[in-house]
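Asker: What follows is the residue order along each chain.
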Amino acid sequence: MRQRHIGRFAAVAVAIALAVAGCSSSSSTSGGGSTPAASGGSSGSCDVSLGFFGALTGQYANLGVNIYDGVKLAIDQHNKKNPGCQVGLVKYDSQGSPDQAPALAQQAINNPKVVGIVGPAFSGESKAADPLFAQAGLTTITPSATNPKLADNGWKTFFRILGNDNAQGPAAAKYITNVLKATKVFVVDDASEYGKGLADVVRKSLGSAVVGNDTVQSGQTDFSATVTKIKASGADAVYYGGYYPEAGLLVKQMRGAGVTATFVSDDGSKDPGFIQAAGGKDANGSILTCPCLPPDKAGGTFFADFKAAYGQEPGTYAAEGFDAANVFLAGIDAGKVTRADLLSFVASYKGQGVTKQISFDSKGEVSQVSVWAYKVENGQIVADQVIN
Amino acid sequence: MKFLIDNFWTLTSTGLTQGAIYALIALGYTLVYGVLQLINFAHSEVFMVGSFFAMWTLNALASHEGHAGALLIIGLLVLAGIAAMIGSGITALFVEFIAYRPLRRRNAPRLVFLISAIGASIAISEAFGIFISRNILPVPQLVQPKVVLTLFGSQIYNMQVIIVAASIVMMVGLDQFIRRTRLGRGVRAVAQDQDTAALMGVNKDRVIALTFLLGGLMAGGAALLYTQQFGLTRFNVGFLLGIKAFTAAVLGGIGNLRGALLGGLVLGLAENYGSALVGSQWRDVVAFVLLIVILMFRPTGILGESLGKARA
Numbered sequence: 345m346r347q348r349h350i351g352r353f354a355a356v357a358v359a360i361a362l363a364v365a366g367c368s369s370s371s372s373t374s375g376g377g378s379t380p381a382a383s384g385g386s387s388g389s390c391d392v393s394l395g396f397f398g399a400l401t402g403q404y405a406n407l408g409v410n411i412y413d414g415v416k417l418a419i420d421q422h423n424k425k426n427p428g429c430q431v432g433l434v435k436y437d438s439q440g441s442p443d444q445a446p447a448l449a450q451q452a453i454n455n456p457k458v459v460g461i462v463g464p465a466f467s468g469e470s471k472a473a474d475p476l477f478a479q480a481g482l483t484t485i486t487p488s489a490t491n492p493k494l495a496d497n498g499w500k501t502f503f504r505i506l507g508n509d510n511a512q513g514p515a516a517a518k519y520i521t522n523v524l525k526a527t528k529v530f531v532v533d534d535a536s537e538y539g540k541g542l543a544d545v546v547r548k549s550l551g552s553a554v555v556g557n558d559t560v561q562s563g564q565t566d567f568s569a570t571v572t573k574i575k576a577s578g579a580d581a582v583y584y585g586g587y588y589p590e591a592g593l594l595v596k597q598m599r600g601a602g603v604t605a606t607f608v609s610d611d612g613s614k615d616p617g618f619i620q621a622a623g624g625k626d627a628n629g630s631i632l633t634c635p636c637l638p639p640d641k642a643g644g645t646f647f648a649d650f651k652a653a654y655g656q657e658p659g660t661y662a663a664e665g666f667d668a669a670n671v672f673l674a675g676i677d678a679g680k681v682t683r684a685d686l687l688s689f690v691a692s693y694k695g696q697g698v699t700k701q702i703s704f705d706s707k708g709e710v711s712q713v714s715v716w717a718y719k720v721e722n723g724q725i726v727a728d729q730v731i732n
Numbered sequence: 006m007k008f009l010i011d012n013f014w015t016l017t018s019t020g021l022t023q024g025a026i027y028a029l030i031a032l033g034y035t036l037v038y039g040v041l042q043l044i045n046f047a048h049s050e051v052f053m054v055g056s057f058f059a060m061w062t063l064n065a066l067a068s069h070e071g072h073a074g075a076l077l078i079i080g081l082l083v084l085a086g087i088a089a090m091i092g093s094g095i096t097a098l099f100v101e102f103i104a105y106r107p108l109r110r111r112n113a114p115r116l117v118f119l120i121s122a123i124g125a126s127i128a129i130s131e132a133f134g135i136f137i138s139r140n141i142l143p144v145p146q147l148v149q150p151k152v153v154l155t156l157f158g159s160q161i162y163n164m165q166v167i168i169v170a171a172s173i174v175m176m177v178g179l180d181q182f183i184r185r186t187r188l189g190r191g192v193r194a195v196a197q198d199q200d201t202a203a204l205m206g207v208n209k210d211r212v213i214a215l216t217f218l219l220g221g222l223m224a225g226g227a228a229l230l231y232t233q234q235f236g237l238t239r240f241n242v243g244f245l246l247g248i249k250a251f252t253a254a255v256l257g258g259i260g261n262l263r264g265a266l267l268g269g270l271v272l273g274l275a276e277n278y279g280s281a282l283v284g285s286q287w288r289d290v291v292a293f294v295l296l297i298v299i300l301m302f303r304p305t306g307i308l309g310e311s312l313g314k315a316r317a
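Just so you know, the sequences run in chain order A and B.
The first sequence runs 345 to 732 under the numbering used here.
The second sequence runs 6 to 317 under the numbering used here.
To be clear, the hints were calculated from the coordinates, so they are not data collected in a lab.
Even glycine gets a Cβ: it sits at the ideal position worked out from N, Cα and C.
Some hints could be false.
[What the hints assert, rightly or not] Just some of the chain B residues that point at chain A, by a computed CB distance under 8 Å:
{"id": "1", "residue": "Asp11"}
{"id": "2", "residue": "Trp14"}
{"id": "3", "residue": "Gln23"}
{"id": "4", "residue": "Ser68"}
{"id": "5", "residue": "Ala203"}
{"id": "6", "residue": "Asn208"}
{"id": "7", "residue": "Gly236"}
{"id": "8", "residue": "Leu237"}
{"id": "9", "residue": "Asn241"}
{"id": "10", "residue": "Ala281"}
[Claimed, not checked] Straight-line C-alpha distance at most 27 Å; calculated BS3-like pairs for lysine-lysine:
{"id": "11", "chain 1": "A", "residue 1": "Lys625", "chain 2": "B", "residue 2": "Lys151"}
{"id": "12", "chain 1": "A", "residue 1": "Lys424", "chain 2": "A", "residue 2": "Lys457"}
{"id": "13", "chain 1": "A", "residue 1": "Lys457", "chain 2": "A", "residue 2": "Lys518"}
{"id": "14", "chain 1": "A", "residue 1": "Lys548", "chain 2": "B", "residue 2": "Lys151"}
{"id": "15", "chain 1": "A", "residue 1": "Lys518", "chain 2": "A", "residue 2": "Lys641"}
{"id": "16", "chain 1": "A", "residue 1": "Lys528", "chain 2": "A", "residue 2": "Lys500"}
{"id": "17", "chain 1": "B", "residue 1": "Lys151", "chain 2": "A", "residue 2": "Lys540"}
{"id": "18", "chain 1": "A", "residue 1": "Lys518", "chain 2": "A", "residue 2": "Lys719"}
{"id": "19", "chain 1": "A", "residue 1": "Lys528", "chain 2": "B", "residue 2": "Lys7"}
{"id": "20", "chain 1": "A", "residue 1": "Lys694", "chain 2": "A", "residue 2": "Lys719"}
{"id": "21", "chain 1": "A", "residue 1": "Lys575", "chain 2": "A", "residue 2": "Lys641"}
{"id": "22", "chain 1": "A", "residue 1": "Lys528", "chain 2": "A", "residue 2": "Lys575"}
{"id": "23", "chain 1": "A", "residue 1": "Lys719", "chain 2": "A", "residue 2": "Lys424"}
{"id": "24", "chain 1": "A", "residue 1": "Lys575", "chain 2": "B", "residue 2": "Lys7"}
{"id": "25", "chain 1": "A", "residue 1": "Lys500", "chain 2": "A", "residue 2": "Lys518"}
{"id": "26", "chain 1": "B", "residue 1": "Lys209", "chain 2": "A", "residue 2": "Lys575"}
{"id": "27", "chain 1": "A", "residue 1": "Lys540", "chain 2": "A", "residue 2": "Lys518"}
{"id": "28", "chain 1": "A", "residue 1": "Lys548", "chain 2": "A", "residue 2": "Lys694"}
Work out the full structure: start from the sequences and follow the hints.
Answerer: Structure (structure tokens):
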């Protein structure tokens, strides 16, 4: 009897320990959760918050965390400069999953303090969440969702602060044919809204140079069947549309099977996680395209500020997230603290961001677009050239 | 179709390799099912923890650049294998003590065990994600890939041979342990009839813990082989593999050790042939349609005999 009680206490104690550990470490990922900005509470005359919508945990978390850090930097800088106007930041962690997106979007909509959303970060979750935001009149600026079709739905609240895949896809194709001089290209995608959408644009742009196609699964680790197909096709370049975990594993298993074709992938793969997944040296020589500026080329003091705040260089889309948050903050400072006012402010916004000159067309697309090619050299992702 | 024929042997060898890993994990599902008639959904995390132990051992002792010297490599692999088995074994026992035993003492309904196992699975996986990393973590691969033989124009790599051979040795060892030893007889007795076995003087709880431990040891072996084949691990590495291994166990006849081997190999091959025949996006469709078709004609799986009824 006594032993049973001890067992029960032990189980409860373990559960509590796990719960506490979970809480404490989730707040530490926000980079010092004790500041008023992170806790979501706000004080002063403008009692409003921005929402961040994207993956902060789960398998694609790296991409979301980069953006979140950029957004948080913008808000922290704003709040420091404006002691009378403390803007809050609320996290909506979608784990990158379209299934979780609608419920999270509803949460954001139901929070009257949230006047603008930076995100959703991925295309799949955007497709699921944006209709709700449009209905509720809650403005979203995505710093990273690049599927072109997102802009075609007539969502008045949709804005995109970077070039879409109709710019990135042809640019990647151009790089493959003009710079790599590849004539036989094998195209693989991960069947996601983003990966398949982008790979299809690349397929169309490459035309007859495509010698084979295949599809992999998110979360898959054994790509032997795909690698066998690539090898049999004799391709001299492989294009992968998808995210970094699978991209890294695919290139590693290609090299393991003796395939030497140049590996080309996209902004979803442009993360150190790609090199890690490839086990280091197998990633070398890979090309990654991205409609994002190399962070060290960002304007102003962004690069130095980010490094000072987080002790590391800004990752992919951190600068875009920073810009998106600043568009909202400019509106809030101009007194546009209702959702409707902020929406019309963003639609007519014109200003210089750290990544580009920002203004949006009637579909919510940013007017200035550039696509960069990055190269993996000695285990580092370095800027190669802008693709014109 | 032409692609399948041209690359038949490559697809076969990679399919068997993957299937052997499925089979080793499937043993854990089948053992626990054989004894308790419950599916231990936390077994995927037993595998995951093993792969982390293998990674930590190799990171501490081996270099990423590879080693010369066959003896050194074998020694390191054995050490990593033991570490992985310890990690997996402890996790399996932990799951039994936390998620199963307290419920068994209270005669909880069967469904409750499933939910507590799923809970344990998610808790362990997320705890690793939070405390260690959510990234893919590289593991040093000690065996340099080398083509050992060319079969009908397709290259067979050394690692593939090692994986298939090592899994078969482990499975035969387990099979003999269950069939021939005193402890194995206890496992079979509890599998046949728990209460009668208890009346005959078998310590039921100890046998159940032993069953979890055996499944954990096999998962640890699978974890080492997996890290050496793919050179990585991750906090959620067990999820997809666990589902596939569970499928393999059902396919071969759940509760049947030899069935787990057969089921794993058949599933590995079916996935590869299926994706070659109709495209990789159909891989799981082919594999699971095959599962349904086989279960339609043989509802107890291919071999279909349960652990308890296995003859000594």
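Asker: A separate judgement is required for each hint: does it hold in the structure or not?
Answerer: Against the structure, the hints:
| no. | hint | verdict |
| --- | --- | --- |
| 1 | Asp11 | holds, 7 Å |
| 2 | Trp14 | violated, 10 Å |
| 3 | Gln23 | holds, 5 Å |
| 4 | Ser68 | violated, 12 Å |
| 5 | Ala203 | violated, 19 Å |
| 6 | Asn208 | violated, 16 Å |
| 7 | Gly236 | holds, 5 Å |
| 8 | Leu237 | holds, 7 Å |
| 9 | Asn241 | holds, 6 Å |
| 10 | Ala281 | holds, 6 Å |
| 11 | A/Lys625 / B/Lys151 | holds, 18 Å |
| 12 | A/Lys424 / A/Lys457 | holds, 20 Å |
| 13 | A/Lys457 / A/Lys518 | violated, 45 Å |
| 14 | A/Lys548 / B/Lys151 | violated, 38 Å |
| 15 | A/Lys518 / A/Lys641 | holds, 23 Å |
| 16 | A/Lys528 / A/Lys500 | violated, 42 Å |
| 17 | B/Lys151 / A/Lys540 | violated, 34 Å |
| 18 | A/Lys518 / A/Lys719 | holds, 15 Å |
| 19 | A/Lys528 / B/Lys7 | holds, 20 Å |
| 20 | A/Lys694 / A/Lys719 | violated, 33 Å |
| 21 | A/Lys575 / A/Lys641 | violated, 38 Å |
| 22 | A/Lys528 / A/Lys575 | holds, 12 Å |
| 23 | A/Lys719 / A/Lys424 | violated, 37 Å |
| 24 | A/Lys575 / B/Lys7 | holds, 15 Å |
| 25 | A/Lys500 / A/Lys518 | violated, 33 Å |
| 26 | B/Lys209 / A/Lys575 | violated, 54 Å |
| 27 | A/Lys540 / A/Lys518 | holds, 18 Å |
| 28 | A/Lys548 / A/Lys694 | violated, 34 Å |
When the structure is compared with the earlier hints, violations turn up for hints 2, 4, 5, 6, 13, 14, 16, 17, 20, 21, 23, 25, 26 and 28 and for no others.
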